[in-house]
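Now for the letters of each chain:
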Amino acid sequence: MTTVLLAPTIADQVASEAKRREQSVDALVNDWLEEHLWRERQHKIHLEAERFQAHHADLLAQYGSGYLAIYNGQVVDTDQELELLHQRIRMTYGDEPVLITPLTIEPIQTFRILGARRTLATT
Amino acid sequence: MSTAYNTTDYYPPIPILSVLFGYGDRRPWLGPYDAVIDTGADATIVPEEIPLRLRAVPLNPVNLVTQWGEGHPAVAYMMNVSIGDIHLSGIVVAGDPATQEIILGRNLLNRLALLLDAPQFEASVLDGALLQRLRRRRR
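Heads up: the sequence lines are chains A and B, in that order. The opening residue of the first sequence carries number 1 in this note's numbering; numbering runs sequentially from there. The opening residue of the second sequence carries number 1 in this note's numbering; numbering runs sequentially from there.
Keep in mind the hints are simulated off the structure, nothing from the lab. Since this is a predicted model, take the numbers as computed values, not measurements. Backbone N, C-alpha and C fix where the C-beta goes; we use that ideal spot for every residue, glycine too. Each hint should be verified, as a subset may be incorrect.
[Claimed, not checked] So the derived label-pair ranges between C-beta atoms look like this:
| id | chain 1 | residue 1 | chain 2 | residue 2 | range |
| --- | --- | --- | --- | --- | --- |
| 1 | B | Gly-40 | A | Glu-83 | 18 to 28 Å |
| 2 | A | Ser-24 | B | Arg-135 | 48 to 58 Å |
| 3 | B | Leu-115 | A | Leu-114 | 36 to 46 Å |
| 4 | B | Arg-139 | A | Met-91 | 16 to 26 Å |
| 5 | A | Ser-24 | B | Asn-63 | 32 to 42 Å |
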């Protein structure tokens, strides 16, 4: 357990929001921080993916196929089976954001969706 | 395990299954959710809120593309999916910030034996005994 001192203006706002949500301040702050850390992991994965895409041709020539695990720009593990690789990476790195990606001729994995109703927002 | 087709939000009615999502072995499961059976989808797609609430760790960014070539980015995760008594682990699921629908794609559907009883508007996951009987009859 770590105690964090909040600035009075922030503490007041957090207390007010916790009351509105009928949550404790502790639960609300922990929830917000967890979400922030989750989004930070997303950001790191995107940065790792950009590095992967920049070196995609070299990695394809070196490894050929299968799945790569990349951490801080370095290939840290490979496997032909995604689930096995994922298990090893989670055992070793916990919740650290390690890019686990298939190595194909395309630098980014594409999922096709042929369902007629679904519409995708363009970004 | 059977689920009635969704006859209110889709026309013609669409087959759905009731599913739960989990991540790893230490977090609670989320659901049940109604999920559309879509053999035209490569992968299973969920609203981003599900991996967010599970605090799932991402695998890699992916691109979702429709048959008209429209596309946008999402993020893939490895999750566990529970459908009735069937528990599937190691399912790649794309978390999509732009949808509220859950799509069960072929990466998951290809691990199930399904009966789409469209005239009765009912989708069923076949259990082992019935499936064995049907397979024997085919031979």
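Quiz item: Does the hinted range 32 to 42 Å hold for Ser-24(A) and Asn-63(B) at CB?
Solution: 41 Å, holds
Quiz item: Is it true that the C-beta distance of Leu-115(B) to Leu-114(A) lies inside 36 to 46 Å, as the hint says?
Solution: With Cβ atoms ~22 Å apart, the hint is violated.
Quiz item: In this structure, is the beta-carbon distance linking Arg-139(B) and Met-91(A) contained in 16 to 26 Å?
Solution: This hint is violated: roughly 43 Å between Cβ atoms.
Quiz prompt | 18 to 28 Å as the expected CB spacing between Glu-83(A) and Gly-40(B), which holds or is violated | solution = With a Cβ separation near 24 Å, Gly-40(B) and Glu-83(A) satisfy 18 to 28 Å, so the hint holds.
Exercise. Could you see if the CB distance from Ser-24(A) to Arg-135(B) stays within 48 to 58 Å?
Key: Since Ser-24(A) and Arg-135(B) have Cβ atoms about 55 Å apart, the given range 48 to 58 Å holds.
Comparing the model with each numbered hint stated earlier shows that hints 3 and 4 do not hold.
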